[in-house]
Amino acid sequence: MTEATLIQAVNKALHHAMKVDPDVLCLGEDIGVNGGVFRATEGLQKEFGESRVLDTPLNESGIVGMAVGMALYGLKPVAEIQFLDFIYPAFDQIVSELTKFRYRSGGQFPAHVVIRTPYGGGIRGGLYHSQSTEQLFASTPGIKVVVPSTPADAKGLLLTAIFDEDPVLFMEPKRIYRTATGEVPEGDHRVPFGKARIVREGSDVSVFAYGSMVPTAFQARQVLEKTGIHAELVDLRTLVPLDVDAVVRSVEKTGRAVIVHEAPKFCGFGAELAAILAEKALYSLKAPIVRVTGYDTPFPYTLENLYLPSVDRIGRAIQRTVAAG
Amino acid sequence: MPPAEPSAPTASPADGAPRVPAVPPLEIVPLPYGKKELSDRLGPPWEERLHQMYRGMLLGRVLDTRMLGLQRQGRVGFYGPATGQEATSVGAAMCMSGQDWVFPGLREQLIALLRGLDLTLYAHHLFGNDLDTARGRQMPCHPSAREVRYASMSSTIGTQIIHAVGTAYGIQLRKEPAVSWAFFGDGATSANDFHSGMNFAGVWKLPVLFVCTNNQWAISVPNEKQTAAPSFATKADGYGFPGRRIDGTDVVEVFTTLSAARARVLSGAGPELIESVLYRLTPHSSSDDPSRYQPKGWMEKAKAYDPLGRFEAMLEKLGVFPASEREALRADLDAKVRTAIQEAEVMPPPRTDSLFEDTLKVPAWPLTEERDSFDKEQGGNFP
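Order-wise, the sequence lines are chains A and B.
Sequential numbering from 1 applies to the first sequence in my numbering.
Sequential numbering from 1 applies to the second sequence in my numbering.
Since the hints were made in silico from the structure, they are not lab data.
Take every hint as true, because none was put in to throw you off.
Partial pick of chain A residues on the chain B-facing surface, computed with a CB cut under 8 angstroms:
hint, residue
1, PRO89
2, ARG102
3, GLY106
4, PRO110
Bear in mind that the values here come from a model prediction, so they are computed numbers and not experimental data.
For glycine and all other residues, C-beta sits at the position ideal for the given N, C-alpha and C.
Produce the entire structure from the sequences given, and follow the hints as far as they go.
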């Protein structure tokens, strides 16, 4: 165990995977000589060479498409898209190709590609360095969507992703790249997909969050604990596959649900969670389900702190939900 | 494209000239080779090569004819013929090694068959039945054949070009003596991943051959509305590697040019773009009506460049492979195709379980739940 930040944990996972498996390689913009604009791939090219850590031309569709071709050949590519906001040129490759290869070939051509990409706001990045659009990918069959919130999970989930056999979109909460710190196990540390993490147990209300919203929701929960509201905070960890049992079980216990994400509310991932609870836990609910999300606009620059769910907004939503019934 | 131009290795001017012979009578233009030249170009077993070429092209033609017929009778849902493109498929397939990879466009299935995809297995795919390796998930003419390194294709245009480049990277990394082939049409040269593929391949000097089968039409859009460049081959200039334009209806030319290009690519000299100029002698697909956009008589004129007809006219002149033998071969191939179709047509549709397989390796919720409640949802009486 060593203490590390979330981004250091990402680096450790990549380093470990490349060391133990010569088929693993990384490709993306500025990831080699520069070590990535956030330094996630720092030192990798120096250690593993230019042939396994590729500085690509500036073309996201090319990065993902090339990774697909590498995976078909038998390599294990980890593609970096510098910001989730820049992934859309590759959307065709993800939606039409990457997620369809196994299905359309009857399993003859599985295309196992990991796409790492920083996402989310709170870094004064404006419209094009801040968005959260996980729902676009979670609603596309054929790709797993993973969002760590701690350094240990970042390493463990990324290693699981790299040695998985399906495409994985690995979304890194860049706001907490350096503020989330914690113990990270050495070596081949893996965290399984589809297992939510109960951050803190509670009896009054279930709070569902992932990625950078986990520490924010955690602060809200801790403040309310002192007022006698015991919220159960559930870190979903993987949106696909989703730990649906953990979601339902928690609400069966608490009878209330608050869902938190940075993405806009309409058709966001929270809508799916709310629908699941309506289908599977309706009779356990004592109060309406509440979603605390980014507003349904593009992402603002100057007023981003008002746009993003804050400790206060989440806390007030929890209070209202508990008071409602 | 005037008739003489396709074989010119350099670009022709974008003169807006008709791309088919303008003046009737519309006679087949025989391939221009004598025995000496064939022997020089194809090597000592040149008669054997000619036989292989003819057999390959004829298989494609017989298959297209049968399948278009079945489609019109409503026995298969769709068909994308490759009539007019056989010389390019056959010439390319003949210079590939078993280790090469093929990333096809819509009209390259003949390559899969020539590389060893079983004809009956392909027929199962055309019918989308239970023995189709892809469980009837794709429209006809979208086969996957891992055993012959023929990659699964989508219907999205040009996306496969960059896949070929990724695989070429793997080939280079593992130092395998192989070439990755990307096939695509003239329309695909305007698509995003033509650019990403050509650019990436150039940067890393990858062992990839780009084959643009320019059949003059992207459904209804002709070459001159697809690009202002003097040819598609010249686009290679911007990516730092050679581009060549060849007569794609001349199987000898295709074979010799692609063999040389493959050898060059294999030597580590980097990628190459070949624009294979040919003519689409059918509608775009079984769903298309060219009378809406093609000049009257275009297709009749283009038939002067029917690769099979040109080849047969040469055989006639050379007197090497008499009509009676050719007829026997046609009958034999047709019988094989009919047998494959008969076998495939009687197979049941894919088992219903297959609906829920192969999205992820292990199905995730909610698919697991959908699978488990399938019988209940589909069964019983309603109302």
